[in-house]
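Can you make the complete structure from the sequences, with help from the hints?
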Amino acid sequence: MSNPLSPDCDDAILVRACLNGERDAHALLLARYRDRIYGFILRMLRDRGAAEDLAQEVFIKAFRSLSSYDQERPFIPWLFRIARNAVIDYTRKRKADIDPIEFDLPDASPSVEDVVASKLEVELVEKMLGALPFDFREALLLHLGEGLGYAEMSEVLGVPVGTLKARVSRAREMLRKKCNPEPESP
34 MSNPLSPDCD DAILVRACLN GERDAHALLL ARYRDRIYGF ILRMLRDRGA AEDLAQEVFI
94 KAFRSLSSYD QERPFIPWLF RIARNAVIDY TRKRKADIDP IEFDLPDASP SVEDVVASKL
154 EVELVEKMLG ALPFDFREAL LLHLGEGLGY AEMSEVLGVP VGTLKARVSR AREMLRKKCN
214 PEPESP
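Mapped onto the working numbering, the consecutive letters of the sequence shown carry residue numbers 34 to 219.
Keep in mind the hints are simulated off the structure, nothing from the lab.
Fair warning: there could be bad hints in the mix.
[Claimed, not checked] Here are the simulated EDC-like cross-link-like pairs (lysine to aspartate or glutamate), alpha carbons at most 16 Å apart as the crow flies:
# : residue 1 : residue 2
1 : Lys210    : Glu179
2 : Lys198    : Glu159
3 : Lys128    : Asp80
4 : Lys126    : Glu159
5 : Lys198    : Glu188
6 : Lys211    : Glu159
7 : Lys126    : Glu90
8 : Lys126    : Glu188
9 : Lys160    : Asp80
[Unchecked claim] Computed Cβ-Cβ distance ranges for the label pairs, DEER-style:
#  : residue 1 : residue 2 : range
10 : Asp122    : Glu55     : 40 to 50 Å
11 : Arg209    : Arg56     : 43 to 53 Å
12 : Glu85     : Ala199    : 26 to 36 Å
Heads up, the beta-carbon is just placed ideally off N, CA and C, and yes, glycines get one too.
Below, the structure is given as structure tokens:
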């Protein structure tokens, strides 16, 4: 008798169960990663409707191509790579410009603690994230927002670890400058 699938099962067990046609395994993988994938896409596109549609497409693509997944590697970078490619395809099709946008910061820049404490300030941070160049925003969101390590990010993005470390560092610096702009000289 086989062990029943549970939400505590390893990804590898769930993937094998999916490949064996067990629908419960599909539901468990979907439940485990739906919010993370949706959140990543939403922060990249800043469009709830598009994020919902793309998240659904990501899981459809993932389940259809599960047989090509290398079970010796972690599942989550593979899934995020599908999500990243979906975002890129979407922006190419829509010819949407997700590069930096200009916006004015209030004169008194809030501290990092104040930003976290206030919903309005959190919205400002989200706007600042949206203003980062695509590659920098993507790296920062995967690292800080999704908790992926640099090696996992390298698998997702197909970029060397050193480049990713530089992108995350540069993105942090860009945000720091947006939060604390240089005072104007008299």
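Evaluation of the provided hints:
1. With a C-alpha separation of about 23 Å, the suggested pairing of Lys210 with Glu179 is violated against the 16 Å cut-off.
2. With a C-alpha separation of about 21 Å, the suggested pair Lys198 and Glu159 falls outside the 16 Å cut-off, and the hint is violated.
3. Distance hint between Lys128 and Asp80 is fulfilled; the C-alpha atoms sit about 14 Å from each other, no more than 16 Å.
4. Simply put, Lys126 and Glu159 have alpha-carbon atoms about 24 Å apart, too far for the 16 Å limit, and the pair is violated.
5. Taking the CA atoms of Lys198 and Glu188, the gap is about 14 Å. The hint holds against a cut of 16 Å.
6. Between the alpha carbons of Lys211 and Glu159 the distance comes to roughly 12 Å, so the proposed pair stays at or under 16 Å and holds.
7. At most 16 Å may separate the alpha-carbon atoms for a hinted pair to count; Lys126 and Glu90 meet this at roughly 15 Å.
8. In summary, the hint linking Lys126 to Glu188 is not supported, as the alpha carbons are separated by about 24 Å, beyond the 16 Å threshold.
9. Using a Cα cut-off of 16 Å, the hinted pair Lys160 and Asp80 holds, with the two alpha carbons roughly 13 Å apart.
10. For Asp122 and Glu55, the Cβ-Cβ distance of about 30 Å falls outside the hinted range of 40 to 50 Å, so the restraint is violated.
11. About 47 Å separates the C-beta atoms of Arg209 and Arg56, a value consistent with the hinted range of 43 to 53 Å.
12. Between Glu85 and Ala199 the C-beta distance comes to about 33 Å, which sits within the given range of 26 to 36 Å.
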